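Participant: Single-letter residue listing:
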Amino acid sequence: MNLLTQSYPDLVPAVPELFVLTMACIILLLDLVLSVRWRNASFLLTLYTLLGASLLTLQDIGEAGRYTFNGMFVDDLLSDVLKVGTYLLVACVLVYSRRYMLERKLFRGEYFVLVLFGVLGMMVLASASHMLTLYMGLELMALSLYTLVALQRDSRTAIEAAMKYFVLGALASGMLLYGISMLYGVTGTLDIAGVAAGVRAKGVDNLTLGFAVVFVIVGIGFKLGAVPFHMWVPDVYEGAPTSVTLYIATAPKLAAFAIIMRLLVGGLVDMAGMWQDMLILLAVVSIALGNVVAISQSNIKRMLAYSTIAHMGFLLLGIIANSENGFGSAMFYALVYSFMSLGAFGVILLLSDQGFEADKLEDFRGLNRRSRWLALLMLILMFSMAGIPPTAGFFAKMAVIQAVIEAGQVWLAVVAVLFAVVGAYYYLRVVKLMYFDDPDQQRDITAGWDARLLLAGNALALVLVLPWIGALLDLCAAAIRAIPALP
Amino acid sequence: MFDWACTLPLAGWACDLYAEQRLLRIGLGIIVLVVFCILMVLIMVYAERRLVGFMQLRKGPNRVGPFGLLQAIADTIKLLIKEVIVPTNASPILFLLAPILVLAPALAAWAVVPFGDQLVLADVDASLLYILALASMGVYGVIIAGWASNSKYAFLGAMRSAAQIVAYEIAMGFALVGVLMAAGSLNLREIVLAQSGGIHQWYIWPLLPLFFVYFIAGVAETNRAPFDVAEGESEIVAGFHVEYSGISFALFFFAEYVNMVMIAALSTLMFLGGWQSPFGGEVTPAIGVILFFGKMSFFLFCFMWFRATFPRYRYDQIMRLGWKVFIPVTLVWIGLMGGVMFFTPYGYVFH
Amino acid sequence: MDLQLPIFYFFATILVAAASLVVTLRNPVKAALALVLAFFSAACLWVLLEAEFLGIVLLLVYVGAVMVLFLFVVMMLDINIAQLRSGFGEYLPIGGIVAALMLLEMVLVLGASGFDLQGMPNPAPQPADYSNTRALGMLVYTDYVYPFELAAVVLLVSIVAAIALTLRKRKDTRYQNPAEQMAVRRDDRVRLVKMPSEAKRESGR
Amino acid sequence: MLDNYLPILIFLLVGLGVGTALTILGRLLSTSRPDPQKNSPYECGFEAFEDTRMKFDVRYYLVAILFIIFDLEIAFLFPWAVVLEDIGVFGFLSMMLFLAILIVGFIYEWFQGALEWE
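Residue numbers (our numbering), protein chains in the order written: chain A, 1 to 487; chain B, 1 to 351; chain C, 1 to 205; chain D, 1 to 118.
In case anyone wonders, no lab produced these hints; they're calculated from the structure.
Quick caveat: nothing in here was measured; it's all calculated off a predicted structure.
Take every hint as true, because none was put in to throw you off.
Have a look at the derived ranges for each label pair, beta carbon to beta carbon:
hint: 1; chain 1: A; residue 1: Ala41; chain 2: C; residue 2: Leu21; range: 53 to 63 Å
hint: 2; chain 1: D; residue 1: Trp110; chain 2: C; residue 2: Ala31; range: 30 to 40 Å
hint: 3; chain 1: B; residue 1: Val325; chain 2: C; residue 2: Leu92; range: 49 to 59 Å
hint: 4; chain 1: A; residue 1: Val15; chain 2: C; residue 2: Ala31; range: 40 to 50 Å
hint: 5; chain 1: B; residue 1: Val325; chain 2: A; residue 2: Val36; range: 24 to 34 Å
hint: 6; chain 1: C; residue 1: Leu25; chain 2: A; residue 2: Lys105; range: 40 to 50 Å
The beta carbon of each residue, even a glycine, is placed where N, CA and C say it ideally should be.
Produce the entire structure from the sequences given, and follow the hints as far as they go.
Facilitator: Spelled out as structure tokens, the structure:
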């Protein structure tokens, strides 16, 4: 730490972040001078930014982990995969929601800028190897999301949702921070690898460490939306503009997975015995409550919100297994889930219209008569969410359950499967509504060709990915191996 | 005689301090500073009235004592024995507390002001920051006064004083950053010592734009004309202290003048080399203090001069001046300073 | 120096008392003022920990800026105090349980081996010329440059958020632009017309 | 280091004491003849007919939020200015990047009209 010979940090690993930051600033300023007619320029520029960032990220994807900024930033396979997934998800989000935002006068420069800053926050999270950067990334992402929810200022429900999201989110990050400060108190460092070493040195039965884990888990539970920290999920999903719900329901799940991997696995793997027990509780209750309550919903955004809760429970199963396979399957689950969620909310967006939100279950009644193609896509998405073969959703569920069984928690697997069967009921009800009921309305579907095409790709990919599932699982496992603390 | 007391729990430290006479020194220092503040205020009140009278072709006070010199003392006695009216709807405790909360930070800030190389009560490292923090606490008195009075005029005055901070504190902070860059310290004594070597070393020259920003922001912070929108007697009668009378009013008045002297002292320390002689070389402490007072008087004169000369600023003008003129100017100057210091051989200009 | 201990207890007592007042006072303005007092005491405690820069910045930013503006929001919003209080008794039991649990946890954590006096001995007091600000500055802009820049980004996002959520170009409010009013010249308002003079017709008087 | 803060603590207490003592002294020395008219709030001779607390435009809060953000920025600038000599060009550039990001925000404010006082 000789300050006189302070060397410049190696900026190469962080080039994607710098690129996104620069572009976000440029779009912010450009949007000030562009007239409304030229708004599309900001939109396209945002897409190009995501494209450019993915090229920059893919450039060094195979390489071993590179640390920079005094070991606070790491560019490894895990971060690269999560980042590329994030770009792809967000790009789809933007394309799907373009018309929706235009019709609701939300197609503003701030929207793109906040989306990009949210992406930047997720990138920082994915690359965090220091608790300080982890926290900054989390706040950056969360702040952008709160604002996006509230962007529709004249909607009471949106404001209420933003308020709930903000208050609970702030509480959650406070909890996380409290846990982090305890970890710092015990280990004397904020560096995650250092924390892992400190935990090993102090011994697992340190009481302070135990409480630190509790607070960290509570913070993560809030961010994931796992029961009993799920209260915000349905209200936010329902209240936010659907395009923002789409955003919240996809990419941040990858970011939440990144927090778990970096903090819980990277830093506290020695405390696994303790957090496993807590996560088992969270996972079981989430899967049970999410699947059961979803049945009684009549609003599809709310129903999907409860389905998210259940899916997050499944994701946690992979973590509970506490093995390379388990983490890898959890990562695969996170990726698959976010693409399923992307498609499902995408369908709602496409069906929505000027002054009309297709967010009631009734709105799907007889969709097959109105548009065979969209109904088919929704069918695939629902099958995948329910975990019916041969969709990717099935393999994702199978992978985590396999990992749990390998870890010797057979009862957990049984419970999960039972509730998955319960959950299938409400997914299939959507299918029934679409195919066997008569339509209430004859509203034309006015979605643009770009969104339709992309959505088709999105949904079909969940089936067509079949031959490469093994390769994807291997990729996830390889990404997990990048974490240094793992044995 | 007090030996037995030292055996009591917790009292031991007091005895230790007493033994090394530390407490005594601190106590003396505080008394000197408080008396200094009182004297300065008495002189200022008299001087201001005479000076403004002179500028406006009036006589000013000339009845009490020779040349009206005792006028200020007469006013003090008058205020002391006047009734303190607490309005019916006011919150009595907060109402009486407000002037005290204005006065205490105004006085306590003087603890870190160096009058000479060794003449400082508490030589803390972050003394400049400490003064800033205390100055920003003074606004609570104004706000509490405005709220506790439960009167519209008072409330508007308090409201305006908050807008005042919003407009000027940032520019003031940026201006100070320039001083810190040049001196490399937050300690006022070290800032003065960094300007030693004669008049050409004073920071007023390399930091001229920042000096103007700072002094104008200082005038605004003390609620003085032309930025006295919080009082604005022709608009909102007397603003936040419209309901105050007697000694409570006197405390507000006292605090305002103490703050004014403080801004003058800070400007002297940061831009005019404090107690240092304009010709360079060492000076004895006594001469140093005289020089310090001389420089300070110039700024105090400016305060009065402004009051006699300028009409009050309008609200939107204050905002515009603060945000759209001062902030860009200070930002550009900071960048420029850093650039010159690191990338050109002329960095010495700023040291 | 054992003087530190009584001073610590002095400020700690004020802090706890002020914090309890924040939640129990009926008047929101007074509650906000109690919060200011709590911040002030906390700042004093930080200085006592030899973190003088952070302590004073706490005063400068939180007490001097955030709380002033917060106080104004509280003062100007017509908060119905009775309505606000109605839930208090209702939530008191559950809130009390949570608070008691937190207290218990803190006692356990702070009493545990990680935080006892042997595990965490007092650092040696800093010499008189120690500069806390300098020590901080040496690290923040070099070693911690990455989180530092991220802080700028977070601030930028909050600027964008604040403007996107509150700025509204209203068309229905009528406001004056005093600067424009002042800039009016005579020619804008009065037009002097040259007219040939006419003979005044005499009325029959 | 803490030794230096002792006088400050005492001075703060003395400052509060002086204010309190003078207030008490004033009460002791002064007359007190309350009168409903005298004690009513000042209202240019009218009876007060409206509550004092009133709602203000959101615009006021916006400027306030922007102010807090810039105040934080200043808190970052102070230690930087103090150690500028020691952290060298690298430290200088890192602050310039920080300022550049925030200047983007400042330009945005300016052009959006958030700094206009209507």
